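Residue numbers (the working numbering), protein chains in the order written: chain D, 390 to 739; chain C, 66 to 335.
Derived from the structure by calculation, the hints contain no laboratory data. Bear in mind that the values here come from a model prediction, so they are computed numbers and not experimental data. Mixed in with the good hints there might be a few duds.
[As the list claims (entries may be wrong)] Heads up, simulated DSSO-like pairs for lysine-lysine below, C-alpha to C-alpha not over 30 Å straight-line:
(1) C:Lys317 / C:Lys98
(2) C:Lys138 / D:Lys677
(3) C:Lys308 / C:Lys290
(4) D:Lys729 / C:Lys317
(5) D:Lys677 / D:Lys408
(6) C:Lys290 / C:Lys140
(7) C:Lys290 / C:Lys129
(8) C:Lys151 / D:Lys609
(9) D:Lys729 / D:Lys677
(10) C:Lys138 / C:Lys288
(11) C:Lys151 / D:Lys677
(12) D:Lys609 / C:Lys317
(13) C:Lys290 / C:Lys138
(14) D:Lys610 / D:Lys729
(15) C:Lys290 / C:Lys151
(16) C:Lys98 / C:Lys140
(17) C:Lys151 / C:Lys124
(18) D:Lys610 / C:Lys317
[Stated by the list, open to error] Coverage of chain C stretches by chain D, computed from C-beta distances (three or more under 8 Å per stretch; other residues unrestricted):
(19) 240 to 246
(20) 294 to 304
(21) 317 to 323
We put the beta carbon where it would ideally sit given N, CA and C, even for glycine.
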Amino acid sequence: METILVLTHVDESGSALTKASLEAVTAGVELARQLSAALTIGILGPASAEAANSAAGAVAAPGARLLAVSGEAFAQPRYATDAAGCEALCRAAQASIVLAPGSSRFVRVAAGVAHRLGGFLDTHITSLSSNDCVDATRWFYRQRVEATISREARPWFLLLDAGTHAAFAAEPATAQVEAVDVTLPTTRTTVEGLRSPMRDAQTIRPDAQLLFVAGAGWTKKQPDGQIHVAEAGQLILAFLRLSGASLGSSKSLADQKAEGPGEEQSVLPFLSHMNQIGQTGATPRHAKGLSTCCHGEEPHVVGWRFVGERRAISLDQNCGWTRGKADVVYITDAFQVIAKVNELLQARRS
Amino acid sequence: MAQALQLVVCAGIVPDPLQTLEPVTGPNGPGLKNEMVLPAVLDPWAACALYEAAQLVAKNPGSKLWLVSLGPKAKLQQVMMTVGQKAVFELIPIDGPIGGFPDAHSTAAALAEAIAALPGFDRERLLLFGGWESATRGAGVTLQLVGERLGITDQFQGVDQITLREDGSFEVLERVEGGRHQVSVCAGTPAVLGWATGNLAEPRNNPQTGMANMRGIMPALQKAKTVALDGNGLRYVSVSLPKQQRETRVEKNMTADEIARELVEWIGAE
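One chain only, chain D, in its complex shape (with noise of 0.2 Å):
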């Protein structure tokens, strides 16, 4: 008979789950329910309680149990509170199976926890099922192989990918929470707090319905025989604004930055290996998305794995992009046609 514990972190408010929590309260209920197992919900944050009641609904059922760790020490992400928290409410929910959000806080402190207590954790999980074993689906090789696995030792810990579930929603309600004391480590690294490369604009939305990736084309010569970066620049940014969209890049953009003059230098100056999709950079997860200047080749595309609708701009009718990658592949230049674009939604907006 499995156990499932439900790791969950706050927000930045300290008083809410975050979203990626709550999504990994649904696969918890979910599974639960598959398996008829008892189902525990675990809380990190500096004042659980508030955060707990809207988790409340999740643990309805009879013998579901809601844990909290609380403490200034848990207001931060940090490594060795982080683990030792998550550690304490493994150990009091003794559960087979932990689910978790694949966040950067629990990212960061997952493996060291699972291997504390024993146990074994494999991450980016996209979609759980139940027979008469838990399987798990997750990508291998930047996400150009699928694997279903399985594990038979226990605990096991399963880090879930953002966006692969729906956030839990209830109604709030006052939760029984149990507190869990964590005999806390001494602390060597001080959060200084967040700080945003970008200069100009913050250009990584990761709820934006649209996935705007800008390739090296846009700093190439245009028919003019002429560069226009600096037009370029514009017209992505003023794209950005309009439309909400997220920015990515190819990798050849990206490195431009690097291998620029002065190094800090950068081609496009809101740009960075922040922004990079594909085989060495991210893989994001939008509803849309719109390649401009980019070839559409393998390394590129395995970072559109989970973007739904395709379409891309390309001066090359031979391109990756045409061979079955993209839904809709325009043979043009993509300096007209972005400005264009920016007209009419200039005009809709106003």
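Please arrange chain C on chain D, whose structure you already have, making use of the hints.
Chain C only, in chain D's frame:
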């Protein structure tokens, strides 16, 4: 004030990203078709870690850099012909299976054992580097487990920058959600840093560096310890390529105005 550091970079080898991958199932479980003959490279994010480590060694006299890599000896030798030209390091090869399907926990155990046995190893001066995820398994698990096994509880993942301070402490920038960095200050070594891209460009090949490295690499490969990795109860139910061939509409004759109108309609209201 420069610090004499011990830098250990854990880095695997992966198929060149431009290669076509086809999964096959053999007697030992899943693998890739013709895996041993696919051109291989050093794992990209781990390579970033290596370049960052090499720069720290250059800036901190008395420091030492080891590259610990688990893979088939023959493939390691191929990859080191190139990697050995990019940074000065001592290779600690571990002869073991290739690919993304072996269990990360077993890999971590083998790596931790090799690191703990390094001659002159001083855990208190250790910065353990690697990629925050590999390009094979992509789990982001191995480095943390190695750190836990070595008793290191200052760990950072998705690192883009480390700045050493005169008092021995250092500032770390870690990637977090929304395109931001979390800024942390650690009192000092030991620490684990799983690198993202970092800020350094790939160094140019330096044949002199390569020749110097190869004098150590070849004997190390000959003496490499062979390990078998336990599956730890991990079972592959299925392994397959995604089937996502789309019916692509290629538009060659639409005007910019027509395309713009179609795109705005498609984008819809944000």
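Quick rundown of the hints versus the structure:
Of the pairs offered as hints, the one joining C:Lys317 and C:Lys98 is violated, with about 38 Å between alpha carbons and a cut-off of 30 Å exceeded. Taking the CA atoms of C:Lys138 and D:Lys677, the gap is near 44 Å; set against the 30 Å cutoff, the hint is violated. A hinted pair counts as satisfied when its Cα atoms are at most 30 Å apart, and C:Lys308 with C:Lys290 does not qualify at roughly 40 Å. The straight-line distance between the Cα atoms of D:Lys729 and C:Lys317 is roughly 17 Å, inside the 30 Å bound, and the hint therefore holds.
Between D:Lys677 and D:Lys408, the direct Cα distance comes to roughly 21 Å. Compliance with the 30 Å bound is thereby established for this hinted pair. With a CA separation close to 15 Å, the supplied pair C:Lys290 and C:Lys140 stays within the 30 Å bound. Distance check on the hinted pair: C:Lys290 and C:Lys129 sit about 22 Å apart at the alpha-carbon level, within 30 Å; holds. About 29 Å separates the Cα atoms of C:Lys151 and D:Lys609, which keeps this hinted pair within 30 Å; it holds.
Between D:Lys729 and D:Lys677, the direct Cα distance comes to roughly 19 Å. Compliance with the 30 Å bound is thereby established for this hinted pair. A hinted pair counts as satisfied when its Cα atoms are at most 30 Å apart, and C:Lys138 with C:Lys288 qualifies at roughly 10 Å. Of the pairs offered as hints, the one joining C:Lys151 and D:Lys677 is violated, with about 40 Å between alpha carbons and a cut-off of 30 Å exceeded. Using a Cα cut-off of 30 Å, the hinted pair D:Lys609 and C:Lys317 holds, with the two alpha carbons roughly 21 Å apart.
With a C-alpha separation of about 10 Å, the suggested pair C:Lys290 and C:Lys138 falls inside the 30 Å cut-off, and the hint holds. A C-alpha spacing of about 20 Å is found between D:Lys610 and D:Lys729, which places the hinted pair at or below 30 Å, so the restraint holds. For the hint pairing C:Lys290 with C:Lys151, the CA-to-CA distance comes to about 25 Å; that is within 30 Å, so the pair holds. Taking the CA atoms of C:Lys98 and C:Lys140, the gap is near 15 Å; set against the 30 Å cutoff, the hint holds.
Annotation: proposed proximity of C:Lys151 to C:Lys124 holds, straight-line Cα distance about 16 Å (limit 30 Å). Distance check on the hinted pair: D:Lys610 and C:Lys317 sit about 21 Å apart at the alpha-carbon level, within 30 Å; holds. A count of 7 residues in the segment 240 to 246 of chain C with a Cβ less than 8 Å from any Cβ of chain D is obtained; the coverage claim is therefore met, three being the minimum. Coverage of the segment 294 to 304 of chain C by chain D holds [criterion: at least 3 residues with CB-CB distance below 8 Å; count 8].
With a threshold of 8 Å between beta carbons, the proposed coverage of the segment 317 to 323 of chain C by chain D holds, since 4 of its residues qualify and at least three are required.
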